[in-house]
Amino acid sequence: MSRRHVPHAFTAVDSQARPSELVEVLKRLTAEPFYGSYKKRLRELLHARPSGRFLDVGAGAGDGALALSTESGARVVGADSSLTMATAMKGAGLGHVVVADGHRLPLRDSCFDGAWADRVLQHVEDPARVVDEMSRVVRPGGRIVLADPDYTTQVLDIEDRHLAAQVLRFRAEVNLRNGTLAHRHAGMLAARALEDIAVEARTLVVRDPTAVDNVMGIRSWAHTAAARGHLDPVDADRFVAQFDQAVRTGRFTYAVTFFLTSGTLPISGGSGSTRGTARE
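Its first residue numbered 325, the sequence shown is counted upward by one per residue in my numbering.
Hints were generated in silico from the structure; no laboratory data involved.
Since this is a predicted model, take the numbers as computed values, not measurements.
Nothing false has been slipped in among the hints.
The calculated DSS-like cross-link candidates involving lysine-lysine, where the alpha carbons are at most 25 angstroms apart (straight line), are:
| hint | residue 1 | residue 2 |
| --- | --- | --- |
| 1 | K351 | K364 |
| 2 | K351 | K414 |
| 3 | K364 | K414 |
Using the sequences plus the hints, can you model the full thing?
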């Protein structure tokens, strides 16, 4: 299978035919118990306080930023490269919104007490540059928190395990820019001399194929792969048939593991030569 990247909708929200639909996708996912639980944990890892100032990079519809502000009393800025998402954030009541590319944040050095990127690095062109920028705008002693699913951990139970693996590999290696990066987030923070680095794993297990926004559209992945020349159309049809059979017989199971990675920027020493410059 070729590893040529096939653009995912969230890599270029505003260029989609109906970008507002992606806002609704994010809202539906946020309402799912698994997503609500891990997002709450992300906010806890920021150690926010009422006097603090925090940045949500790739904030999407702004649900996480609003939740942190409400829970902690901190000032929260939502940054997203999409005008559609920025408009949604403002409409939801977030007072501080910036239309900005995470690779080039138009923000001063050390002006935040913490920053987080939730399911963002999987989509960006240069994850290392985004982490550099997050490190630059967070003060010494501040927190960096990252979260993404790592699609190398996917499993799907249908009759043809080889076909399932082909389709899941397409999702991991082709349909997402950095779908296999999440287990390396800790190394990225270590390369920037962060301290107190911790990794938590949360596994999403789906038995109901109508949940989690129809399991992130997994039933369509095979035909997407076929349309892009990564799978035979006959095999795509066979995948859908086996997917539906697994649902009918109660066999259907899909799972993927999310990595929640956090660290603290050093207060002094050790970061001068690496902060904002470390590369993978």
